[in-house]
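S.K.: Sequence:
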Amino acid sequence: MKRLCTMSLMVLTLVSLAWVITPMVLIYPFRAQTPLTLAVGYALLSHVATLTMAFLAIGVVAASLAWRRLASWKGRLLACLAVALLGGCAFLGRRNTFETMFHPVPHPEFVEATGATDVAAEDLVLGVQIGDQAKAYPVRAMAYHHLVNDLIADEPIVATY
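Residue numbers (this note's numbering): 172 to 332.
Check the hints yourself; a few may be wrong.
[Stated by the list, open to error] Label-pair distances were calculated between CB atoms; the ranges are:
no. : residue 1 : residue 2 : range
1   : Val196    : Met172    : 54 to 62 angstroms
2   : Arg247    : Asp294    : 40 to 48 angstroms
3   : Asp303    : Ala214    : 39 to 47 angstroms
4   : Val329    : Ala284    : 21 to 29 angstroms
5   : Leu295    : Val196    : 40 to 48 angstroms
6   : Thr205    : Leu175    : 15 to 23 angstroms
7   : Thr208    : Leu175    : 15 to 23 angstroms
8   : Ala189    : Gly246    : 35 to 43 angstroms
9   : Val196    : Pro327    : 28 to 36 angstroms
These are computed hints drawn from the structure, not numbers from a lab.
Model, not experiment: these values are computed from the prediction.
Here a beta-carbon is modelled for each residue, glycine too, at the ideal position from N, C-alpha and C.
Let the sequences and hints guide you as you build the complete structure.
M.R.: Here you go:
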């Protein structure tokens with residue numbers, strides 16, 4: 172029973188870690204991606220919250236069943252570490268990593284084109300015009316956030332690239 176519980180705990184921990192890390196690697200936004208890797212990444216991501224929570228529940232049961240049979244403090248420490256890793260995976264499975272990486276600029280500030288001192292003539296800008304109102308978003312300034320929530324002519328927009 173001890174061997175079955177500890178092996179189950181080890182396998183659950185490894186599978187849970189792989190299930191959380193694989194979409195982060197496959198859907199990495201700063202390198203070339205193929206349709207297949209994106210499809211696999213999003214398929215894994217769509218089930219990560221449910222599966223990691225189930226793995227955590229099963230891991231807690233397995234660790235508690237093996238607890239008395241784990242005579243050494245090293246075995247108990249490893250069981251606690253495995254449950255902690257499963258808990259971390261369950262937490263990460265509910266977070267959108269990419270929203271953490273790329274949170275929008277909530278309140279952008281703008282100046283007239285003649286007063287823009289930090290934009291060089293050769294800098295790339297993303298331009299948006301609605302009606303007679305236009306705004307330019309410097310790509311260099313958007314490089315970190317990738318998103319800007321804004322209003323142009325009383326129309327809410329999300330500028331992104």
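S.K.: Each hint should be assessed against the structure and marked as holding or not.
M.R.: Structure-based check of each hint:
1. Val196 <-> Met172: 54 to 62 angstroms: Cβ of Val196 to Cβ of Met172: about 36 angstroms, so the range 54 to 62 angstroms is violated.
2. Arg247 <-> Asp294: 40 to 48 angstroms: 59 angstroms, violated
3. Asp303 <-> Ala214: 39 to 47 angstroms: 46 angstroms, holds
4. Val329 <-> Ala284: 21 to 29 angstroms: Holds - the Cβ-Cβ distance for Val329 and Ala284, about 22 angstroms, lies within 21 to 29 angstroms.
5. Leu295 <-> Val196: 40 to 48 angstroms: Given about 29 angstroms between the Cβ atoms, the range is violated.
6. Thr205 <-> Leu175: 15 to 23 angstroms: Violated - the Cβ-Cβ distance for Thr205 and Leu175, about 39 angstroms, lies outside 15 to 23 angstroms.
7. Thr208 <-> Leu175: 15 to 23 angstroms: 35 angstroms, violated
8. Ala189 <-> Gly246: 35 to 43 angstroms: Violated, since Ala189 and Gly246 (Cβ atoms, about 23 angstroms apart) do not stay within the stated range.
9. Val196 <-> Pro327: 28 to 36 angstroms: 34 angstroms, holds
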